[in-house]
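Sequence order for the protein chains is A and B. Each residue of the first sequence is one higher than the one before, counting from 1 in our numbering. Each residue of the second sequence is one higher than the one before, counting from 1 in our numbering.
Take the hints with a grain of salt, since some may be wrong.
[To be verified] Some chain B residues close to chain A (C-beta under 7 Å, calculated; not the full set):
| # | residue |
| --- | --- |
| 1 | Phe83 |
| 2 | His90 |
| 3 | Ala92 |
Please keep in mind that the hints were generated in silico from the structure rather than gathered at the bench. Don't be surprised by glycine CBs; every beta carbon is placed ideally from N, CA and C.
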Amino acid sequence: MSRATVRIPTPLRGFAGGNSEIMAEGASVGAVMSAIGADYPELLERVMKADGQPREFVNIYLGSDNVRTLDGMETQVSEGDVLSILPAVAGGRSARDRRLADIRGNVPEVSPREALELQRSGAALIDVRDATEVAQGSPGGALRLDRSFLELRIEEAVPDLDRTLVVTCASGQRSLFAADDLKRMGYSDVRSLAGGFNGWKDEGLPFEIPRMLNADARERYSRHLVMPEVGEAGQLKLLESRVLLIGAGGIGSPAALYLAAAGVGTLGIVDHDVVDRSNLQRQILHSDERVGVSKVASAREAVLALNPAVNVVEHRLRLESTNVEEVFEGYDVVVDGSDNFATRYLVNDACVKHRIPNVHGSVFRFEGQVSVFWPAREDAPGPCYRCLYPEPPPPELAPSCAEAGVLGVLPGIVGLLEAVEAIKILLGAGDLLVGRLLHYDALSARFTEFTQARNPECSYCAEDAEFPGYIDYQEFCALAG
Amino acid sequence: MNTINLPAPLRDELETIAVNGYPNETCGVLVGASTDGQVRVERVFQARNLNTARARDRYVLDPDDLMTADEAAREDGLDIVGFWHTHPDHPALPSETDREAAWDGYSYVILSVSGARVEDLRSWRLNGAGFVEEQVAA
Numbered sequence: 001m002s003r004a005t006v007r008i009p010t011p012l013r014g015f016a017g018g019n020s021e022i023m024a025e026g027a028s029v030g031a032v033m034s035a036i037g038a039d040y041p042e043l044l045e046r047v048m049k050a051d052g053q054p055r056e057f058v059n060i061y062l063g064s065d066n067v068r069t070l071d072g073m074e075t076q077v078s079e080g081d082v083l084s085i086l087p088a089v090a091g092g093r094s095a096r097d098r099r100l101a102d103i104r105g106n107v108p109e110v111s112p113r114e115a116l117e118l119q120r121s122g123a124a125l126i127d128v129r130d131a132t133e134v135a136q137g138s139p140g141g142a143l144r145l146d147r148s149f150l151e152l153r154i155e156e157a158v159p160d161l162d163r164t165l166v167v168t169c170a171s172g173q174r175s176l177f178a179a180d181d182l183k184r185m186g187y188s189d190v191r192s193l194a195g196g197f198n199g200w201k202d203e204g205l206p207f208e209i210p211r212m213l214n215a216d217a218r219e220r221y222s223r224h225l226v227m228p229e230v231g232e233a234g235q236l237k238l239l240e241s242r243v244l245l246i247g248a249g250g251i252g253s254p255a256a257l258y259l260a261a262a263g264v265g266t267l268g269i270v271d272h273d274v275v276d277r278s279n280l281q282r283q284i285l286h287s288d289e290r291v292g293v294s295k296v297a298s299a300r301e302a303v304l305a306l307n308p309a310v311n312v313v314e315h316r317l318r319l320e321s322t323n324v325e326e327v328f329e330g331y332d333v334v335v336d337g338s339d340n341f342a343t344r345y346l347v348n349d350a351c352v353k354h355r356i357p358n359v360h361g362s363v364f365r366f367e368g369q370v371s372v373f374w375p376a377r378e379d380a381p382g383p384c385y386r387c388l389y390p391e392p393p394p395p396e397l398a399p400s401c402a403e404a405g406v407l408g409v410l411p412g413i414v415g416l417l418e419a420v421e422a423i424k425i426l427l428g429a430g431d432l433l434v435g436r437l438l439h440y441d442a443l444s445a446r447f448t449e450f451t452q453a454r455n456p457e458c459s460y461c462a463e464d465a466e467f468p469g470y471i472d473y474q475e476f477c478a479l480a481g
Numbered sequence: 001m002n003t004i005n006l007p008a009p010l011r012d013e014l015e016t017i018a019v020n021g022y023p024n025e026t027c028g029v030l031v032g033a034s035t036d037g038q039v040r041v042e043r044v045f046q047a048r049n050l051n052t053a054r055a056r057d058r059y060v061l062d063p064d065d066l067m068t069a070d071e072a073a074r075e076d077g078l079d080i081v082g083f084w085h086t087h088p089d090h091p092a093l094p095s096e097t098d099r100e101a102a103w104d105g106y107s108y109v110i111l112s113v114s115g116a117r118v119e120d121l122r123s124w125r126l127n128g129a130g131f132v133e134e135q136v137a138a
């Protein structure tokens, strides 16, 4: 057993009773340190790891030799030896530090409060953290553009190169790199939020937990998410939207499948019929084994097999004046795939009354047509079905599919065009077929477009028209001509 | 705010070492006394930089030189009160690398040096997770 002097560095003296030196006994360096630890456990904790080795930024000297160059903690200690605890000093700057310093010379940093003021006076606050970080919270009103896609998406989000941008991340480093890239892209006034979102939160500034897609949805809809016209916001809109399909037949089949695949959150399906073998030539929602089953139930099965997240609302009924109000409740868009005039007029009238867009389609042998009837559209209202056809044709001029026949693919094409229009309406994207009728002739392989004007005298949709009420549509159509 | 007293002759000494060492980083030890947040530097030492592979932007202060400085300080009744290093062509702000190795209770003086002159000299003190600046007085 030897008595040794242990020299304590200034920062650790507070843990050593204020002493600059301590006497301790032990046969080895490790034993002496343990002896010190018995009296000063906090000191030992700062010098040694749990495994009995010195911490990374600590050196222990025996005399003038670093014990790492001797036998480490096993090094023998003689009577009167001096042990010194010293910091291992290192530092410098990484390539990252150097780059950040360069960028700081070019990109001004702002405090969280300055950022908020800038945002309030019109600057775009851009959160470049990834989706999992943003899901934990993001400054209120920030544009969330993942750093990975920033350069690809910023122009869609901020077309004006002279608008002030304040970039933020978690701590204020990624935002500097991102801000530097945005300057290079031509944005004239780009700043970085010093301290990032952490600093923003610490200041008690407003933040929100944004609604986000989960990982499953992110994977499923990834081909939508990369398109700026859809993106995460658009996909969330689709997931929150409610579409009512009139008929689970030839037109309703592809429309239901693709709307479900696209992630329309709620699909209402109206049909009173059961699956017949003659339907299967075109009604691809159904299957041979489901002949005799309710079409709505069969449709539900097909839709959920494709996308189990869809909320399918079954309306197993024939749409009538007496039930239309109840059925239409809460839907954003109606996709009409009905096969008779009575239902088309009823759907039209209900859509006019509820001010919802009516995506219309019909087929006859090798021909089909599609349009969107939407008199209540805010910026550019279009006609309703009655503007064009105030009265139905006589029944002998309007044969059903059963009577006239139809190419099985044709309602598929019309149903898909209707599905596209429905999605465009929900996203607010593109030019709709409002005031236009698209006619498809399969035999000549031609699309022809007809312009359709509103009838200012229309008894249902004219500006000052009072809704005349529902009528007996069967009688209305039977009496026609 | 803590204050570190660095008399002009010692500051000149550091600046000369920094400029002579440029473009490499130089580093060393500050010896003096500290009481109640007041640090008085009495002597400065240069230490070898063991990181020769990246001598332009990293330093690992030779612990043997630190041991020698500690020995000398104790003989005169002084203590190691901190360390200094240079940032060639880089502001006198602590880097992440500096922070990782720093101890509470020491002063960390950084000299920003570019070519023939020292642009800036600032001193920092670790306070928990981050550095806070301390005032440098002559």
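- [ ] Please verify that hint: alanine 92 (chain B), Cβ, nearest Cβ of chain A, below 7 Å or not.
- [x] violated (10 Å)
Open item on the list: Please check whether histidine 90 (chain B) passes as an interface residue: C-beta within 7 Å of a C-beta belonging to chain A.
Closed with: Hint holds; histidine 90 (chain B) Cβ to chain A Cβ min 5 Å, cut 7 Å.
- [ ] Hold the hint about phenylalanine 83 (chain B) up to the distance rule: shortest CB distance to chain A must be less than 7 Å.
- [x] holds (5 Å)
Checked against the numbered hints above, the structure breaks only hint 3 and satisfies the rest.
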